[in-house]
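Colleague: Here is how the chains run, residue by residue.
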Amino acid sequence: MAARIEVAELVKEFRIPQRREGVRGALQNLFYRKYQTVRAVDSISFEIPAGDMVGYIGPNGAGKSTTIKMLTGILMPTSGRVISNGFRPFEERSRYTKTIGVVFGQRTQLWWDIAVIESFRLLKKIYDVSDADYEARMKQFDEVLELKRYLNTPVRKLSLGERMRCDVAASLIHNPPLLFLDEPTIGLDIVAKDHIRAFLKQVNQQYGTTILLTTHDLADIEELCRRLMVIDRGKLLFDGPLEELKRRLWRETSVKFDFRDREQAQKLAAMSIPHVSVERCSELTCRLTFPREAVSTAEVIRRVVNSVEVLDISIEEQSIEEVVKQIYTGQVLQEAR
Amino acid sequence: MSLRVFAEFARMGFLDMLAYRLRYYTGVANYFISVSVYYFIWKSVFAANPEFGGFRFQEIITYVVVGWVIRSMYFNNIDWDLATAIQEGKISMEMLRPVNLPLSYIGRAFGEAAFRTVLLCFPTALVLLSVFPVQGPRDALHFGVFLLSLLGSVLIVANVNFLVGACAIELTSIQGLLRFKFWMQELLSGLLVPLALFPAPLREISSWLPFEHIGYTPMLIYLGKISWAQIGRTLLLECFWIVFLLAFSNWFWNRVSRRITIHGG
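One line per chain: the protein sequences are P and W, in this order.
Number 74 in the working numbering belongs to position 74 of the first sequence; there are no gaps in the numbering.
Number 528 in the working numbering belongs to position 191 of the second sequence; there are no gaps in the numbering.
Looking at chain P on its own, in the form it has when it is part of the complex (with noise of 0.2 Å):
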């Protein structure tokens, strides 16, 4: 399938005036400015074809937002090349921003004191939707995201949640075939979050709406992304399927036992299995951990319960926030590359 986005080479540089401390600081600024440069992003290259609903996720300040805001056309990249739905999305901006939907989780694009079908309204004439086109999408809206209750309240009245499906809404009232999200349920609660990822899922299948999301919530990228971008310090760290991500860096499994008596589970924790560490845990549950390239899972609890008589047994998975923390803190930032 075609590509939605080709990025090449992408970077973006930030000029920071360098503040001088006191006094006589103060006045030499005032003169002479240092700057120092800061690369935000850090020449990252990249394709998305179309269809495909990406998450994009690293820590705050890795360059994330910088990245959509030189994807969506705000900002001007430094060097390297975008090329998205056809167009240089700075150099040709207005006829771009066309073609694509933008929501930002911390700001809104409705007007904050007007009632929200009067920003609604504004779209539609800017985006120049048929009024069929628009009764229809407003009806699918309100299905999924139950809008009509809040169309006439100014915005600044809503709640985030409320807010929120709004301005997601909002991003699709013209139907783009690519659709950009920056944190799209950042404060949300458990219903306001399942309703913007059920709305979302139902878009990208019925109209097969390309979609980029940036998150910390985990729990999006699994519902939601079938691939994975990381960014840390303006790099793109992994690139791929977090089925992937999790092999790569899930290096280790545990396995707790239960029992039924101490004996048994003092037994176990005198055993010594190759490759495998022993901890016991309480009176009665002992935890394997092994390093699941040198061990089967299978093999560690056949032999197991060969010798000792368990009453109860559970796999620990690593979960996905602990195989992101790893990457975060830099402890497997090479491997995963």
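The set of hints was computed from the structure by calculation and includes no laboratory data.
Result set (DSS-like, lysine-lysine): computed pairs, CA atoms no more than 25 Å apart in a straight line:
#1 Lys-325/P x Lys-246/P
#2 Lys-98/P x Lys-201/P
#3 Lys-427/W x Lys-125/P
#4 Lys-235/P x Lys-325/P
#5 Lys-193/P x Lys-427/W
#6 Lys-427/W x Lys-98/P
#7 Lys-124/P x Lys-98/P
#8 Lys-201/P x Lys-246/P
#9 Lys-157/P x Lys-193/P
#10 Lys-267/P x Lys-256/P
#11 Lys-193/P x Lys-148/P
#12 Lys-256/P x Lys-246/P
#13 Lys-125/P x Lys-139/P
#14 Lys-124/P x Lys-427/W
#15 Lys-427/W x Lys-157/P
On a predicted model such as this, the values are computed, not experimentally measured, just so you know.
Following the hints, position chain W against chain P.
Modeller: Chain W alone, transformed into the frame defined by chain P:
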């Protein structure tokens, strides 16, 4: 940008003002106070001489009253709106719309002008005209041309405000510049003192700037102080300024928006 979209932005500007209409209930009083101050100043000036700077007393009072009445209409805050949008980063949401950004702000200024006409300009006119000795326009034709020139006032003010507000991209603190522009406009539009009374060098400078078309020349048309030939020349000049400012705003915005930095969020 199509006229329909422009009109829609004007409508949004109008509705936006409506949300804060309470703020304008005190407006009439403010204008009344300003005009009263000028009334007494001019009264003392004219106590000694029957004519001053080519104006008779009733003419100057008319100049002051009608000058403030039209100011209540053409004045707008899009410089602050744009500067805050830039400083708070809200501008990013506006840049995502496939519209010409300068025109969308000027559209909003028109909505604001429409709102002000109804909620501020008419009530202010009603109060001021019933209190102060104001003379009518020269004749119906002069009045018509005067109204036409006011359209230009709104466009010039909106454009200048857009340009000044856009400087927020380059400046960390924009308050000083906005204040400076505010007083430049009050002075050079002839609101505080008719430009005819300015010293020659200042008069020369102001003739090279667009500000006098905001208030001064419309007032001269209203009073019938200039000939039709001069009126024609003035209107042409006004049109030039509008076209120039629109083009310049677009050019300026395209340039500075390259250097925009929006941190966080």
